[in-house]
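Q: What follows is each chain in one-letter form.
2 protein chains.
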Amino acid sequence: MKRPIKPITALSGVYASGMAAGIKSNGKKDLAFLFVPDAYGSAGVFTQSAFAAPPVELSRQALRRGTIKAVVVNAGNANAGTGKKGLRDAQETATITAKLLGLSPSQVAVASTGVIGKPLPMERLRSSLPKLLANPKATDGGAAAQAILTTDLTRKEVYCTGKVAGERITVAGFAKGSGMIAPNMATMLGFLVTDAKVDSATLKKLLKQAADASFNMTSVDTDTSTNDALIVLSTGKKGPRITSAKHQQEFLALLSEACCVLARSIAADGEGATKLIEVNVHGARNLREARVIAKNIVSSPLVKTAIHGADPNWGRVLAAAGKDPTARVDPNKVDVTFAGAPVMRRGVIVTHNRQAIHKLMSGKEVHIHLHLHLGKASATSWGCDLTHGYVDINVSYS
Amino acid sequence: MKRPIKPITALSGVYASGMAAGIKSNGKKDLAFLFVPDAYGSAGVFTQSAFAAPPVELSRQALRRGTIKAVVVNAGNANAGTGKKGLRDAQETATITAKLLGLSPSQVAVASTGVIGKPLPMERLRSSLPKLLANPKATDGGAAAQAILTTDLTRKEVYCTGKVAGERITVAGFAKGSGMIAPNMATMLGFLVTDAKVDSATLKKLLKQAADASFNMTSVDTDTSTNDALIVLSTGKKGPRITSAKHQQEFLALLSEACCVLARSIAADGEGATKLIEVNVHGARNLREARVIAKNIVSSPLVKTAIHGADPNWGRVLAAAGKDPTARVDPNKVDVTFAGAPVMRRGVIVTHNRQAIHKLMSGKEVHIHLHLHLGKASATSWGCDLTHGYVDINVSYS
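One line per chain: the protein sequences are A and B, in this order. For the record, in the first sequence the residue sitting at position 357 is 1588 according to our numbering, with numbers rising by one throughout. For the record, in the second sequence the residue sitting at position 72 is 1303 according to our numbering, with numbers rising by one throughout.
Treat the hints as calculated values from the structure; they're not laboratory data. Hints are not guaranteed to be accurate.
Copies of the same chain look alike in the list, so a pair counts if it fits in one copy or across any two.
[To be verified] Restricting the straight-line Cα-Cα distance to at most 27 Å, the calculated cross-link-like pairs of lysine-lysine (DSS-like) are:
hint, residue 1, residue 2
1, LYS1315, LYS1469
2, LYS1468, LYS1259
3, LYS1564, LYS1315
4, LYS1259, LYS1477
5, LYS1607, LYS1368
6, LYS1255, LYS1595
7, LYS1259, LYS1436
8, LYS1259, LYS1316
9, LYS1607, LYS1439
10, LYS1477, LYS1316
11, LYS1237, LYS1590
12, LYS1564, LYS1316
13, LYS1349, LYS1394
14, LYS1394, LYS1595
15, LYS1564, LYS1349
16, LYS1237, LYS1468
17, LYS1590, LYS1316
18, LYS1349, LYS1590
19, LYS1316, LYS1330
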């Protein structure tokens, strides 16, 4: 995971920055923009919640109308549970931004994260947006990545480069998320940019697939935010147009890698987390079942507490794996490995040194492998341990 | 909830007792039997887990073959993850019991709860069963209810009487469960007896419905045990045979009431719990959606931590309610009430005194009401708060 990460603005034609606009009460950065003046394509995936927040509504509409060129994000206030006023506030934010950047309002998406149920402090946005956008060609991607955080302890950035259609293509981005939702300090947000020439329709299809394999396989607490949003823009500055199935697959691999890096950082920074948990399920009958099983294991409070105690508790892992009757598991065929150490093979306990495995599991990252020996499908999920810290963060009477 | 509870053995023709057989390491009661020599009907519902334990397998088979007349239950060892030896041990337990009670082995069900992955200490069962069953007409239902507990802090019994087919009919029972599963100390078990004349086929149908409205609406931690079992026997000693739809409905109401009482006591005694949470959802389009929404609210770690802090956090409740896109919620129509105090009406925040509501929520039981105003269906779910205690119980490296 350790690698020097370039900011999103290292990509040609991609501009971003962040500032403190006084929306957070602690004076930290809380307002960011991302601007791709010559955007070639764009797409987004959003929360499935019935209580989708106004900024989600607005961004969905903008993306439906055409290619967007800018996103404005604020932290400290989710503009959720705010009804019609919330939608008007999101629209005004987009309109002000559009005017300052010389765009039409439908070319601007907005995203918000933070406290639920309180109106956006529009006077702060009205006075801050002109400052934020004073230099629309700012290249401080790091400040943007910083400004969107809430309970996050770490900045989450990615910069992945690989061969697509014979060209060196990059997908870069930044994200936030700590509780998958904590309506006082909410939401997963992710923003990605690529220099590949991928149109909006293709981006939309591939982004959905990449999100299903990454963010949608991540669980901090099984709760779903009202504000979750993942947006990607392409500059189209490199390589041929991505149309063939082969080139789409190559691009999808790169996009998925970038999404997985961000998803892992969100899981590792889960509220109260001391460990990242990665679950690999192999040998499932099909992809759906592999994903259901991997997700159920990483979501289980009993697995999460066991991992917190560095306990190779295969009983809890199997119970979670077998929980959904629509995903087939044969108890007599399963292999289970904790942190590389086998504890069960073909359903039979392998003699193992629990103290040694306990030690292997005492690091910052614990891998659980399951082989079902029923087919060829596999899936990976990410989560974190469940600790006193999680209870403390979320219990406080606000 | 406070009422003097008669033991299951107050019913004529129902015998039970419990003893310490040395299966638990702490010397407490850990072996129980329930015996209905003239059983008229019987039925059971069991875990859906792919890793169903051998005792579940055996009891399913016994109930498929005909009416059972006895159940033997041990705590301290779940006989789960024990493969073919586990099934042989369950069979031997049933065979010994059958011989001592003058039954055929297929008339005996078995249930186990406790540590996973260790073989049943059969020598203890072989020497203890003759003592346990020395008086097959023992009427110490309380000792049986005590002997099946594991991490439970309280005994869980029920004795409900009501009019069915014009007769005063009783459904009585006992249960255990604290974590819905904690594979070191596992499982929900429930045993019910009625004096109504209900045959096995009818019992099976109605038990499923009663379980769906009670135990299946209860969540301590969303995990599912490998050993969950709910078994009901009828003595047939009172009233006419329950056949008509009207009488079946009357009996179902009584059976459901008994199940709900036990389900509530399991939720209230959830691992680490300090509060029982009851969620009532009204005005859903249909029963399925009402149940999904009620269950998602009571299962949400963020709702559970908020309730622990006596925080009327409507944002988290709405987020959990809107989580499953297949269950319809209209954000502009919802009413939300905490502990009787309205905080939202038709999607708009009602001015409320948070400190006063905080006080109302500071007791041992918190009710959350949601009215969706979309239809006529309603559902209730039960759970408990999420606390440091839950983490402590489940984190320890065993």
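Q: Evaluate each hint against the coordinates.
A: Do the hints match the structure? See the list:
1. LYS1315 <-> LYS1469: Classified as neither; 42 Å inside a copy, 61 Å across copies.
2. LYS1468 <-> LYS1259: So LYS1468 and LYS1259 fail the 27 Å test inside a copy (34 Å) and across (73 Å) alike.
3. LYS1564 <-> LYS1315: between (55 Å within a copy, 14 Å between copies)
4. LYS1259 <-> LYS1477: neither (45 Å within a copy, 66 Å between copies)
5. LYS1607 <-> LYS1368: Close neither inside one copy (48 Å) nor across copies (56 Å); limit 27 Å.
6. LYS1255 <-> LYS1595: neither (30 Å within a copy, 35 Å between copies)
7. LYS1259 <-> LYS1436: Classified as neither; 36 Å inside a copy, 60 Å across copies.
8. LYS1259 <-> LYS1316: Result: close within a single copy only, 26 Å intra versus 62 Å inter.
9. LYS1607 <-> LYS1439: within (22 Å within a copy, 36 Å between copies)
10. LYS1477 <-> LYS1316: neither (46 Å within a copy, 52 Å between copies)
11. LYS1237 <-> LYS1590: Neither: 34 Å inside a chain and 51 Å across chains, both beyond 27 Å.
12. LYS1564 <-> LYS1316: between (56 Å within a copy, 16 Å between copies)
13. LYS1349 <-> LYS1394: Classified as neither; 46 Å inside a copy, 52 Å across copies.
14. LYS1394 <-> LYS1595: For LYS1394 and LYS1595, the Cα distance exceeds 27 Å both inside one copy (32 Å) and across copies (60 Å).
15. LYS1564 <-> LYS1349: For LYS1564 and LYS1349, only the inter-copy Cα distance (19 Å) is at most 27 Å; the intra-copy one is 53 Å.
16. LYS1237 <-> LYS1468: within (18 Å within a copy, 79 Å between copies)
17. LYS1590 <-> LYS1316: neither (54 Å within a copy, 31 Å between copies)
18. LYS1349 <-> LYS1590: between (46 Å within a copy, 23 Å between copies)
19. LYS1316 <-> LYS1330: Classified as within: same-chain Cα gap 21 Å, cross-chain 75 Å, threshold 27 Å.
Violated hints, listed in ascending order, are 1, 2, 4, 5, 6, 7, 10, 11, 13, 14 and 17; each of the other numbered hints is respected by the structure.
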